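Chains F and X, in that order, give the protein sequences. Numbering (full-length UniProt numbering) for the first sequence: 1 to 445. Numbering (full-length UniProt numbering) for the second sequence: 1 to 440.
Only true hints are included.
Using 27 Å as the maximum straight-line C-alpha spacing, the simulated BS3-like pairs for lysine-lysine come out as follows:
#, chain 1, residue 1, chain 2, residue 2
1, X, Lys-403, X, Lys-363
2, F, Lys-371, X, Lys-45
3, F, Lys-406, X, Lys-45
4, X, Lys-45, X, Lys-398
5, F, Lys-371, F, Lys-425
6, X, Lys-66, X, Lys-157
Keep in mind that the hints were calculated from the coordinates and are not lab data. Just so you know, these numbers come straight off a predicted model, no measurement behind them.
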Amino acid sequence: MPKLPGLALMGVLLMAAPLRAAEDVTGFTLENGLQVVVIEDHRAPVVVQMLWYKVGSADEPRGKSGIAHFLEHLMFKGTDELGPGEFSEIVEAQGGNDNAFTSYDYTAYFQRVAADRLDLMMQMEADRMTDLQLNAEDVATERQVILEERSQRTDSSPGALLGEQMRAAQFLNHPYGIPIIGWRHEMEGLTQQDAIDHYKAHYAPNNAVLVVAGDVTPDQVRSLAEKHYGPIPAAPDLRPRNRVAEPPQLAERRIAMADPRVSEPYISRSYLAPERDPGDQETAAALTILAELLGGSGTTSVLARALQFDQQKAVYTAAFYDGSTVDDTTFNFIVVPTPETTLEQAEAAMDAAIADFIANGPDPDAFARIKTQIRASEIYARDDSNGLARRYGEGLANGLSIEDVKNWPEVLNAVTPEDVVAAAKLVLDRRKAVTGYLMREEAAQ
Amino acid sequence: MTLLSRLIPATLTLLLFALPVRAAVDIQTVTSPGGITAWLVQEEKLPFTALEIRFRGGSSLDPAGKEGAVNLMTALIEEGSGDMDAQAFAAARDGLAASFGFSSDIDTVAVSAQFLTENRDQAVALLRQAITVPRFDPDAIERVRGQVLAGLRSDEKDPGSIANRLLRQQAFAGHPYAENGDGRLDTVPGLTRDDLMAAHKATLTRDRVYVAAAGDISAEELGTLLDTLLGDLPATGPALPPEIAPALTGGITVEAFPGPQSVVLFGHSGIKRDDPDFFAATILNEVLGGGRFSSRLMSEVREKRGLTYGIGTSLVGYDRSELVMGQAAVANDRVAEAVEVIRTEWARIARDGITEAELAATKTYLTGAYPLRFDGNGPLAQIMVNMQLIGLPADYPKTRNDKVNAVTIEDVKRVAATLFRADDLRFVIVGEPVGVTGTN
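Next up, chain X with everything else stripped away, as it sits in the complex (with noise of 0.2 Å):
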């Protein structure tokens, strides 16, 4: 029985990386009238469209003192815009049958929509009130204060977000990134109705959104619904934080927590999406740590050694940083052999790259994985707008199997060398870890 989802803290934000569409799938770009632009898949087979729009910025737009505005902002949509208050707002919304979803994150304020084709007009109608005039009732507002406080206080007690917290903290210091969107304990409660304005106006803006549907929709239908929805929202935005190199070092932070086992994480810089050498690291991190079985940390780990139950790595990207990342959670008294494992495989791949086997076997998987992705409007949705916030172009599924394709054995080596390097890796581990001290 677990407390759910506005309790539950953002875990870690390990972002798996361009997850585009198979080759085969046929993106339009729509421009509005307006001038506003979306990628579409139409496929009629299903009376519904899903829409996603991203506005890049985020809670890095929060201003300082006033972290968690945003995330507060974004989460008060739902909960009474023009003549509705959140009761009405939430009866009309399932009258329809639509379902919304409003989120933030560090980069990015979210919304996701499904709606059926018989009363889509209805159904945006009711999505443009809510992201164009929310009321920010004073009532609503400390109602979703509480459940913010909640989970923040939830954070502090749970071994993954204090993890979470230390790292970012370490990596970040002086930057948004510093912070992991909520806000904090001491901003939340401060928190007024003009800020959550403010937040609002800084936020959604036509200069940043992006925008992608999929399902029972053509390009002119789209066009309309975009000027619709987006058209009354400020042209321009805030300027965002600026690139940040990740300031982790080489060592171990221990944090005291109690339970049977040490949540550990560790990583450091990673590399720019838009690097040549990206497809390259892509093998290299699936082969070390990727989300399967046959990974090297899997197998030391798990398979041959019992110490976890998963572990994993992961290139993150966010928009004004990287990172190489992974994470596991081992039993106290056995956290000081797992670490030895990580940085002896570390130093493995960085020294020795890997196999011609491993190199064909994954990009067998990868290549084959690919036309996978696609299944379903909601799916494709969510991976059309991805791939534009990181810059994609909409025919990049047609060629995307070939760059991974082209990756040599000399590329892996070459890039293994500079992306792992055990002596810079920061390990954070909260629990009574035994026989690990932290060190600077």
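If we strip away everything but chain F, and leave its shape as in the complex, we get (with noise of 0.2 Å):
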């Protein structure tokens, strides 16, 4: 459904890591700072215009949570040229759709449209990037619709509350643990002067990655660019990103989280884990492929031939890491264990096979099909340049360069059993590290 938040995206998989050709992805950058990435792919007439603004939940101000999320849903509601709704209508008549998500640290709006209506796509984002207009009534509406979101998501699932707050407990001090969609008393109070403000804070194109791919060249793409984002003036006190630090972690907390609604009780651990850096991977790499290793597979896993094979003890494990962000984020497991086991059986279950992994190294026919697959993915990876476009804008709106995307599958071929190790004794860390238990009501007594 629309306007989804990017909501964490648990579990990055190696099959959709970005193609390494550098003859279809090319980038510049427009004099008001607009950042430009064109992927080309003529195999079909099709195209996809996506704009990622640098700013994300994790960019706003103490007490306004959920502000980043309800100005997305704003920008649909017109401008000094647009009515409210008209942005959407136009591209569907168009035969396109149309859609926008916010994460911690970015918001993204795309259309996917025939290739010659590219202009018009153009010129339409360009006249939201500085020309917003809003209504009291149609504020007032919309915060009830971000509410009901809030509520059909999170409120209404108590896995989703869960990880709400072991967000809250793992970042002491960092905005990564505010919900994206925010806390439900704070955004009940969100008013069109906050999202104003914000708007008019982050919203310009010193501080905008464009991405263009599909049936397009760069020499269109620049000068529809230049045609239509070239005349906005870039934004001359922008501040830069300027979040609090996480002090250091020294002791680990534990959670449980009763509900009548839960069904199948289960054990979720997150760490604090370190992301992919400008000009500095490797560290990304190696937990990504640590990931892969320990709960990338259902099968082959370390934790699932160990507590799914070897042993009857669950009926579910899964190891998940995604490095894309701007600061410190999360390693995370989660085990499901069988009725006749206890959720302590199980943690316990899990961390012994993470020490037997840490004390003897990976499964060297394992770790050489990862590589295999880490080859191939750059193959598959073309079919959907949809899905390298998103790569592309959200690599650059953390602040990577179009080579560190580009070069992200050479990092991830390069890492060697050694690094993975190292990566798993530097992040697995108890004492930086959140233990959660969803449990059935009755067990909570």
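Put the two chains together into one complex, using the hints given.
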């Protein structure tokens, strides 16, 4: 459904790594600071335009949680030239579709249309970069919509609520501990002025990345981008991201939540973990492969073998890590025990399997298979130019360069078994961990 | 943080209908030396092939008392075959960088595969082994049965799954469609290895197979592949269940469930895919509650009143039945208002049809969106196999937009009057709705 916030992209799949094909991905920057990426795919007469602003929920003022996502909804409510809802109506009248999403670090808008409609899409997206116009009634109604969105996504799901509580415990000081959609009591108080303040402070060409993917050439994109985005002046007083840092994390946090809507109890564990940095992606690459080895496959991963095959202690296991963030992120595990196994037993089995892995290192055959898959992923990824657009947009919005994104498969490929073990030792430190138990209500007493 | 695939119940079966390819796509029909047919779009730019296989029948072929057999059988295809156990099979597949998917629903068993050109023969041999000689090892059966049971228990605490079950049972009592395909907590524990062998023999048969391929493969290569992969399967399977008219009646069903919102499903009988008025119905559904922001229900329920994050309707096409259905999640204290708005809009479109402007805008959207569906080998193979399942010809992409454009304002008015029947609309509400009581 519409206006989905990009809530925690769990489980980065190796197969979705971006392509390494320099001739198909090019970039340039307009004089006003707008970064532009062009991904050519001429197999079908389709194009996607994505505009990524380098501002997300982690950049919100204290007490205004949810404003980045609320503004994302309100960006469809009209400009000096377009009435409320007219943006999407025009896209649809061209046979296209459009939407937007918000994450901790970025807010992005996209349209997917026939390639010859790119001119119109850019005209409209450039228009709403500066000329948003809101009215009080639309703002009030849309606030109800985001509250219903929170009810649907979070408050109706015990698993989502546990995840929210765990993140709040994981980040002692950093705003990644605040949910993207916002805390309900703060969402209820968000105003039109709050939205306008956020818009004026962050929406500018020198704080955005334009990605165009599909049946276009770099020359066409440059000419259209200069025509529509070029005239917009850079914001002179744009403030760089200025987030508070985490203090040292010295003590494990443990959380238990019971809810009558829980059917299958489970254990969730998150560890504070470093992210991909410009020119410095090696540790994140090792963590990506570590997650794949420990819990990427429901059959052959370390956790699946230990807890689902060798012992019958779990019906489901997974490990996941997504390094595509601006600041430190998390490395996660989930274990759903069999009915005969307690959460404590499942946790002990999980920790024993992890300790065994650190002591003995990866299985050489499993390691070799993952490398094979990484190389093949460069081929499969090219079948999905929309997915590539997201990877480049997300990477650049988070401060990586096109080269960093292009190099990622090579960085992954260069990871050694020793790197993986070193990354595991670095990150899997219980003092920096949150352990969550999701339980049936009767078990809480 | 969510539980992942196996524990997530199959949600609403809102099949999006008729999503074929652009007019420019050239579909070849291929017949293997052994007589198996497939559709192909050869596209050599990327050195891999996307292959989609469907077997009509699916879990609707579960015998009474053995509900869930086809689902469990399908889930076990990748858990050991030939001389390989589950571990060896997964290792062999990953070592080839191939991806295989096996799933079932009420109407089909689905096999999806992507494999590189450089090791295509090895990947196909591995896939053939999985499809034709699964082992159904006892330890694998118990492991996967445990996963299926966990999913079934989760369904009982999921308002969307509960609502779907109630609607299904009212619409299709006494027919396999009253089941969701995954089986029940009182049938899955009793399924035996023999039941799985029987399900395998009954569902994976050559007389009901549909195949589509897109990517780096020639017609001749595909023909050989078809015989290798499918030639040893049984020729025929048991009869499909009969067609059934949904027995939904007007009224409200309420099931209590804790939470801030109620899940609201609503529907009644629909229209057949081969009905001459199907395109008029498609346009009407698009205007009322298609997937766009500008639909009447999105406008009335979300944009004007803020009652929901999203609401939509669709023409649901099963192999043996049809529904018009919609869904929304609504705050408990505003469910009554939402139900009233939905009923009003249902009656309004039946009485007045749609405007000339809505008809024109919807035609523009549907015909303009059509070519955008073709965006990669994976989607193309899926679209082609679905076209075959619903009985469309291979040249359909060349005529589809003309059929949309041929619909007149009189057509939509006439079809609206019979397609939408507010008095027959059954609401199934799972939650704690305020001021809403169930009727018979």
